[in-house]
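Residue numbers (this note's numbering), protein chains in the order written: chain A, 1 to 286; chain B, 1 to 286.
No wet-lab data here; the hints were simulated from the structure.
Possibly wrong hints are sitting among the right ones.
Quick partial rundown of chain A residues pointing at chain B, CB under 8 Å, derived from the structure [as the list claims (entries may be wrong)]:
id	residue
1	V39
2	Y43
3	L45
4	Y85
5	G120
6	V122
7	Q180
8	V199
9	G209
10	F212
11	M250
For lysine-lysine, the following DSSO-like pairs were computed, each having C-alpha atoms within a straight-line distance of at most 27 Å [as the list claims (entries may be wrong)]:
id	chain 1	residue 1	chain 2	residue 2
12	B	K230	A	K236
13	B	K230	B	K283
14	A	K149	A	K285
15	A	K198	B	K283
16	A	K215	B	K285
17	A	K236	B	K149
We treat Cβ as the ideally placed atom computed from N, Cα and C, and that holds for glycine.
2 protein chains.
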Amino acid sequence: MRVGFIGLGAMGEPMARNLARSNLLHAVWNRTEARAAAVAADYGLILASSPADLAAQVDVVLLCVSADRDVLEIVENLLPAIRPYTVVVDHSTVSPETSCQSASLIRARGGDFLDAPVTGGVEGARSASLVIMVGGRPATLAGVTPVLKTLSRRIVSMGDVGCGQAAKAVNQAMAAGINQAVTEALAFGQALGLDMHKVIDVVAGGAAGNWFLDKRGDTMIDGRFGPGFKVALHHKDLQICEQMASELGMTLPLVRQTVADYARLMAEGHGDEDISALYRLKKPKA
Amino acid sequence: MRVGFIGLGAMGEPMARNLARSNLLHAVWNRTEARAAAVAADYGLILASSPADLAAQVDVVLLCVSADRDVLEIVENLLPAIRPYTVVVDHSTVSPETSCQSASLIRARGGDFLDAPVTGGVEGARSASLVIMVGGRPATLAGVTPVLKTLSRRIVSMGDVGCGQAAKAVNQAMAAGINQAVTEALAFGQALGLDMHKVIDVVAGGAAGNWFLDKRGDTMIDGRFGPGFKVALHHKDLQICEQMASELGMTLPLVRQTVADYARLMAEGHGDEDISALYRLKKPKA
Numbered sequence: 001m002r003v004g005f006i007g008l009g010a011m012g013e014p015m016a017r018n019l020a021r022s023n024l025l026h027a028v029w030n031r032t033e034a035r036a037a038a039v040a041a042d043y044g045l046i047l048a049s050s051p052a053d054l055a056a057q058v059d060v061v062l063l064c065v066s067a068d069r070d071v072l073e074i075v076e077n078l079l080p081a082i083r084p085y086t087v088v089v090d091h092s093t094v095s096p097e098t099s100c101q102s103a104s105l106i107r108a109r110g111g112d113f114l115d116a117p118v119t120g121g122v123e124g125a126r127s128a129s130l131v132i133m134v135g136g137r138p139a140t141l142a143g144v145t146p147v148l149k150t151l152s153r154r155i156v157s158m159g160d161v162g163c164g165q166a167a168k169a170v171n172q173a174m175a176a177g178i179n180q181a182v183t184e185a186l187a188f189g190q191a192l193g194l195d196m197h198k199v200i201d202v203v204a205g206g207a208a209g210n211w212f213l214d215k216r217g218d219t220m221i222d223g224r225f226g227p228g229f230k231v232a233l234h235h236k237d238l239q240i241c242e243q244m245a246s247e248l249g250m251t252l253p254l255v256r257q258t259v260a261d262y263a264r265l266m267a268e269g270h271g272d273e274d275i276s277a278l279y280r281l282k283k284p285k286a
Numbered sequence: 001m002r003v004g005f006i007g008l009g010a011m012g013e014p015m016a017r018n019l020a021r022s023n024l025l026h027a028v029w030n031r032t033e034a035r036a037a038a039v040a041a042d043y044g045l046i047l048a049s050s051p052a053d054l055a056a057q058v059d060v061v062l063l064c065v066s067a068d069r070d071v072l073e074i075v076e077n078l079l080p081a082i083r084p085y086t087v088v089v090d091h092s093t094v095s096p097e098t099s100c101q102s103a104s105l106i107r108a109r110g111g112d113f114l115d116a117p118v119t120g121g122v123e124g125a126r127s128a129s130l131v132i133m134v135g136g137r138p139a140t141l142a143g144v145t146p147v148l149k150t151l152s153r154r155i156v157s158m159g160d161v162g163c164g165q166a167a168k169a170v171n172q173a174m175a176a177g178i179n180q181a182v183t184e185a186l187a188f189g190q191a192l193g194l195d196m197h198k199v200i201d202v203v204a205g206g207a208a209g210n211w212f213l214d215k216r217g218d219t220m221i222d223g224r225f226g227p228g229f230k231v232a233l234h235h236k237d238l239q240i241c242e243q244m245a246s247e248l249g250m251t252l253p254l255v256r257q258t259v260a261d262y263a264r265l266m267a268e269g270h271g272d273e274d275i276s277a278l279y280r281l282k283k284p285k286a
């Protein structure tokens with residue numbers, strides 16, 4: 001089984017490198033060619049000239065890009081090269097609708113498609129400990145499982161095409177609410193004049209404990225919002241959540257507030273910071 | 001060093017029993033005498049006839065009751081029996097102001113006072129794994145540390161009298177926000193028709209992971225809101241947070257929303273349920 005990887009960004013590059021180290025990767029393609037050329041050179045891989053060129057040379061295409069329109073553009077480009085039994089696995093975080101459209105185009109050419117968004121961030125991509133939420137046919141998933149195991153510690157089948165993205169949307173919505181919860185409470189503690197590093201240490205060990213406080217609490221109190229999960233990317237994901245909720249006739253108040261807060265951060269030039277930069281808007285005025 | 005315990009409620013009783021099993025407990029008192037009589041009989045302790053009667057027979061008084069007015073009433077009652085070096089340790093969750101008032105009354109009689117609210121819930125009280133946030137003089141804390149170690153796995157000095165309660169307020173405010181975050185996102189997932197037990201399992205292991213989802217996610221999806229942390233008690237704690245914030249000229253939007261939501265739950269007869277009962281207000285209509 002020959003595997004190709006499209007999209008060597010912050011997540012895609014370490015994922016591709018893990019596949020290459022396991023001798024599972026055959027070809028790579030990236031919009032900015034230099035990034036793909038570097039990975040191809042490091043492991044002696046084929047540097048494809050286009051998504052279709054890549055798809056023509058492999059059995060499984062893994063995809064990891066940023067936005068819905070990128071996925072649809074690449075799928076369109078792939079189509080002429082799809083053969084029966086080509087499987088396209090999309091690790092991007094996009095709308096379930098984009099997954100359904102992609103699946104239907106690829107299936108019309110005889111291939112198959114899985115939506116397979118991940119959690120675990122850049123650290124998880126590097127250490128091959130991502131959790132993968134999959135939507136699509138169980139038999140197709142079974143076929144590519146040996147490949148996905150090289151990237152992740154956990155692969156969970158969520159249902160039909162789109163269900164992986166729906167589960168990821170729940171994850172992103174919850175992350176937004178937790179960001180609001182943690183930043184509001186830490187701002188309160190800072191206004192009270194408490195030793196916040198002690199407070200974080202104590203609170204993290206109790207019933208209000210959470211991953212975000214544990215990993216980002218101390219840095220946000222110190223005013224550091226360096227690399228992590230970018231505000232602009234979470235903003236894009238939350239707009240997908242809002243769209244999905246509105247189709248259900250639901251409102252998600254914390255998601256809506258977070259979209260508005262992130263828009264303000266982006267307007268102020270903080271879109272590339274970690275999402276803990278929300279603390280900028282909550283912390284007590286000096 | 002002889003120790004007495006006042007307030008044998010859901011938290012206080014298992015704490016007192018842990019002290020008794022370590023042969024550190026001398027006397028007990030409780031407003032509803034039957035609960036104190038049972039503990040006294042089990043371990044051969046003195047059943048005090050009043051808080052002052054208890055204080056007269058011990059060096060250290062531990063206190064664990066529900067509300068600010070209970071603490072102040074008991075402290076008033078204790079005062080005649082306070083001798084130099086009597087230490088009163090208040091494990092209740094009340095306002096920093098109540099702690100400061102209590103400390104000043106007890107210090108005027110030559111004794112000393114620590115505010116020492118806990119996290120870890122009933123399970124933590126039973127297994128002696130509470131985390132204790134302490135406000136007050138370090139030397140006083142050092143003196144009673146052997147006693148507190150019998151109840152907890154972690155004792156953290158947060159600063160002067162009141163700082164233990166202030167840290168606890170941050171914890172309670174964060175717990176409110178997390179309740180909002182988790183219930184909103186799970187309701188979204190349920191409306192999307194996902195297999196929610198799978199979603200919880202996956203999300204709990206990622207960057208949106210948190211104690212509350214881990215411990216209460218599955219039960220809330222199943223509509224079970226049994227014993228845990230009572231809505232009515234968290235409601236009381238959050239009103240303290242709101243009061244503290246308003247004194248700082250701050251608003252805490254998630255705390256405010258949660259106070260309103262809990263008030264509605266209490267009006268509908270759910271005040272004794274676990275705080276995950278907030279899901280009742282968020283879940284999609286059947």
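For each hint, the structure was consulted:
{"no.": "1", "hint": "V39", "in the structure": "26 Å, violated"}
{"no.": "2", "hint": "Y43", "in the structure": "29 Å, violated"}
{"no.": "3", "hint": "L45", "in the structure": "30 Å, violated"}
{"no.": "4", "hint": "Y85", "in the structure": "28 Å, violated"}
{"no.": "5", "hint": "G120", "in the structure": "6 Å, holds"}
{"no.": "6", "hint": "V122", "in the structure": "11 Å, violated"}
{"no.": "7", "hint": "Q180", "in the structure": "6 Å, holds"}
{"no.": "8", "hint": "V199", "in the structure": "5 Å, holds"}
{"no.": "9", "hint": "G209", "in the structure": "4 Å, holds"}
{"no.": "10", "hint": "F212", "in the structure": "7 Å, holds"}
{"no.": "11", "hint": "M250", "in the structure": "6 Å, holds"}
{"no.": "12", "hint": "B/K230 to A/K236", "in the structure": "37 Å, violated"}
{"no.": "13", "hint": "B/K230 to B/K283", "in the structure": "19 Å, holds"}
{"no.": "14", "hint": "A/K149 to A/K285", "in the structure": "47 Å, violated"}
{"no.": "15", "hint": "A/K198 to B/K283", "in the structure": "36 Å, violated"}
{"no.": "16", "hint": "A/K215 to B/K285", "in the structure": "36 Å, violated"}
{"no.": "17", "hint": "A/K236 to B/K149", "in the structure": "48 Å, violated"}
The structure fails hints 1, 2, 3, 4, 6, 12, 14, 15, 16, 17 (numbered hints given earlier, in ascending order).
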